[in-house]
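Just so you know, the protein sequences line up as chains A and B, in that order.
Take the first sequence: its letters are residues 1 to 746, numbered as in the working numbering.
Take the second sequence: its letters are residues 1001 to 1270, numbered as in the working numbering.
Keep in mind that a hint or two might mislead.
[To be verified] Straight-line Cα separation of at most 16 angstroms, EDC-like style, residue types lysine to aspartate or glutamate; simulated pairs:
1) A/K545 to B/E1138
2) B/K1110 to B/E1132
3) A/K545 to B/D1221
4) A/K545 to B/D1222
5) B/K1192 to B/D1179
[Claimed, not checked] Output of the computed footprint for chain B on chain A, the stretches with three or more beta carbons under 8 angstroms from beta carbons of chain B:
6) 329-343
7) 352-363
8) 448-454
9) 528-542
These are calculated hints, taken from the structure and not from any lab test.
Bear in mind the structure is a predicted one, so any value in this text is a computation, not a measurement.
Note that beta-carbon positions come from the ideal geometry of N, C-alpha and C, so glycine has one too.
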Amino acid sequence: MLQFLLGASTWAFRSGELAFGRGWPTWLLVLAIVLGIGAVSFTLWRKQLGWPRALVIGALQVAFLALALVLLWRPVLNVEQVRDRQNVVAVVVDDSGSMNSADAVDAPVRRAQAVTALEGEVLQQIGAHSQVRLFGFSDRTRPVESLEELQGGAASTRVGEALDTVTQMAASVPLAAVVLVTDGADTADTLNEAALSRLMAAGVPVHTVGVGPEQPQNDLELEQLQVPANTVAGATVHAVVSIRHQAQKGSRLRIYDAGKLIAAQDVKFAGAAGLTTVAVEFPAGDAGVRDLRAVVDTATGEQRTANNERQAVMEVDGRRRAVLYIEGEPRWEYKFIRRALEGNKALRLASAVRATPNRFYRQGITDPTDLEDGFPVTQKELFGYDAVILGSLEAAALSTDQHQWLKEYVDRRGGSLLMLAGRDGLGDGGWGRVTIAPLLPSKLPGGTRTYGMRTSQAQLTAYGRESNIGKLAEDAAGNEQAWKDLPALADYQDPGPLRPGAVVLLEAVAGDAAAPLLVTQRYGRGSTWLLATASSWRWQMQLPKEDQRHETFWRQMLLTLAAPTPSQVSLVPERAVYEDDAAVTLEAEVLDEAFNPAADAVLTVEAVSESGAPAPARIEPSGRGDGRYTVAVDARDPGLYRVRLVAAAAGGKDSEAVAHLRRADGVREQFGSWQHRPMLERIAKDTGGRYWSLDDLAGLPEAIRYSSVGLVEHRTIDLWNAPLAFILLALFKAGEWLLRRHWRRL
Amino acid sequence: MGLRVMQVSRQLGLASALALCALLSGADASISEMRATVATQAPEPEFRLARLAYNGNNFDGFDRFGRTSWTTDAPDAEYHLSQGIRRLSRINTIDPDRDEVVLPVQPLDKELLRYPFLYAVEVGRWYLDDQEAAAMREYLLRGGFLMVDDFHGSAQWQGFMESMQRIFPDREVVEIPDDHEVFHVLYDLDQKTQIPGVAALRSGSTYEQDGYDPHWRGVFDDDGRLMVAINFNMDLGDAWEHADDPGYPQPLTALAYRFAIGYALYSMTH
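Excised from the complex, chain A in its bound form (with noise of 0.2 angstroms):
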């Protein structure tokens, strides 16, 4: 009706250019109005109707002088229109997993509601006016004689990629447009800036039709389940749970190692629909592989369930971490630190205390030469250990190696180095002035007295909160408490000014007066940490015997130190749990007892599925000569992979490291599968094509028809004659008439 109305289509008029045919001067037109204007209204000022009268009376005889003289200097529209015959359109059908759901009982799959939607007269009339060459995509693009040919339930849907292969037809034919007809779930990440960049390269508009409902309807999805790939033995883990819901209130989860239930706890829901994000906690166990499945409850009356529950895999180092603690004088905090520590399985504390000016007593040791100096006498000594503290010890009592050593240690090696605030602990120990000095989280001052005594409350800032440091209980306002409840602290130490990159996680309060209290910063490979105070020991002695606070806090406090210190032979997956994706990737490092890169190491690689079947596994150098390497394995079956990569170093013993990572089949189809029409329109916007909904594809094909891509040809379209022209002229006339003769002025 409007395309009769206007004499052309409204596709033609989105797409094309107003012009007048007559080649007269424009201005001339605008003249003949402003005259016309003067005529009326010298016309209706001698006739006296009065202001309100005259303006109705005037417009209208102007709106049919000004449209009568517009239509005499004959308007068209210029258009560039496909060619009839000549072109080739697109029409590219996801037919991956998540297109085989019903989003209602006893509704059609998304797929068929496509074919049906497309198989009426829409591809009919594409058909009219250009050639249809139908494709189907999940995780690959192949071409179908018939709609009817798909089938959906594929593993994986690459958009970005059907769309790359799909568009460099226009390389070999006229590609006018293409139609993509999808859920927008672009389970592979195939659709990136990336491949939005190279289709907008392409310059063929892509007409996007949008699939299923934009909003899940009673369904809960279980998006993210977050843990460490490594931890170790008798650590706490703390697991990161993301569920995407609608209208429930809440539901439980539960976390089962390998099966066995190890956690659970009741999630309530934040607002009405959307992500609540919950942190889990539960103990690491003993080494070995942690085959993780976390599984959210099915909400009453939800349909899709496959989506509720995650895998992660995580493996739990039995390698005892060991910890350097060198104090330089008998200290309580010492006592206390060394009783925390006492029958821990995860860590081993080897510690020096320098009890008269010439002899260190030993706490720890495995060789009865060790630290006999007070101080590790190789490099290698030193590296061999996963986190080093030292007490109240002035930087006087190494030597310059040692400080190089302490230096590297951290850098290269990749260790974490805590010092404790005491009379000859940080500035007050010269610690600002050597090798170290710049490593550390904060400018030390020097020359000062900055140690001394002040009664303050520790407490958690934000990064603490979130830290493993600051849990001394399970919930957020338990632990809010169980830190206030604390016994004050009795010292401190003035950190001097921090550093740009520190992090500051505890504060020593008092009053309304706060200072840094536990600061740390990454540096190199490793991490610096200052705690400004040494008499958390207070904590044990002023609290109930059965308190854990301290204990907790120092075995966390240490455990986070030392478990990422890297060893010498390290492989990690790319990604825990692959997911509809044979190509596992695995990177890893081979490094001499020195830590330097192990130039001359021999590397043999191999995995083995869960069935105990051998998996075809290759290993590339980066060519870089830094230790690195690549690890490919091909993962066919999906199932629990362990892969171990042994270095034999010439002339030394081998090392190996292991890791476990899970391939899983037809799980990314299930997650994210509502229509995804921010990304569809984006798509449409980018390319110049349009965003279209299932129910509502009438004008697609003029769409297609007005593109300005392919074999086009350019058409003017008289406007002149359109019957909107006239019946305006006859409606303006008519109103005036009326008017008039309402108003007995005729």
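Put chain B on the given structure of chain A with help from the hints.
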């Protein structure tokens, strides 16, 4: 209108900057205040020999609320011992010429928890009621260390044990083996010489009453750590007290210092 908007924007920007400066200077002031306090309050000595101020058990005329056996040897014992500890070890303790020498603490005093090393003398005459015994038990199990000294013979042992069993009814008092770490932390104290009181020494013997043989006994916690060091039939306190007495044998004073330093180091490392 545009000019007005610009003026308001500038005013808001200035106000924001001033507020930020005030906030930052407030934070700086907060840190500066902490630093200033620290700079004016020197650290306390790490190690204090706290002296247990107990009530008497009416043994040998020392009644519960009258004469005070817990003050025996004070303050000279602390004076000399603290000098010995300072001279012979890295333990940061009081300077007896500058600091208060005697630090008495009662079993129910919360101040006790600030001093993890506790010395009790003449414990054959001590009396701890149930409440005090419970407080001592809690102190020791949290990590405190008790060294008792200067009591002799079976009668005083009985007086000591009466309250000791109230502290730990379910723990045994045992002989500390010679190879125990407490005797080897710094010195190898293999030579178990009886350290006599000065009165016994002047009478020509090394023992008092029927306490002929010295005993180094102890009470251990569940992890095998020594909590209570019991110097029975000995008087280390006199050896410290009379360190400046030419009549008291110097080797015995030196040995008494070594035992004390050994206990102190053990308590600060275990």
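Can you confirm whether the C-alpha distance between B/K1110 and B/E1132 stays at or below 16 angstroms? Roughly 12 angstroms separates the two Cα atoms, so the pair holds.
Are the Cα atoms of B/K1192 and B/D1179 separated by 16 angstroms or less? holds (12 angstroms)
Please verify whether A/K545 and B/E1138 have alpha carbons no more than 16 angstroms apart. holds (7 angstroms)
Chain B covers the segment 352-363 of chain A, three or more CB atoms within 8 angstroms, holds or violated: That given contact holds, which follows from 8 residues of the segment 352-363 of chain A lying within Cβ reach (below 8 angstroms) of chain B.
Taking 16 angstroms as the top limit, are the C-alpha atoms of A/K545 and B/D1222 close enough? Distance ~13 angstroms between A/K545 and B/D1222 Cα, so the pair holds.
Taking a Cβ-to-Cβ distance below 8 angstroms as contact, does the segment 528-542 of chain A have at least three residues touching chain B? It holds: at least three residues are needed, and the segment 528-542 of chain A offers 5 whose Cβ sits within less than 8 angstroms of chain B.
Need the status of pair A/K545, B/D1221: alpha-carbon distance at most 16 angstroms? Measuring from Cα to Cα gives roughly 12 angstroms; hence the hint holds.
Chain B covers the segment 329-343 of chain A, three or more CB atoms within 8 angstroms, holds or violated: holds (count 11)
Closer than 8 angstroms Cβ to Cβ for three or more residues is the test here. Does the segment 448-454 of chain A pass it with chain B? With 7 residues in contact (Cβ-Cβ under 8 angstroms with chain B), the coverage given for the segment 448-454 of chain A holds.
The earlier numbered hints are all upheld by this structure, with none contradicted.
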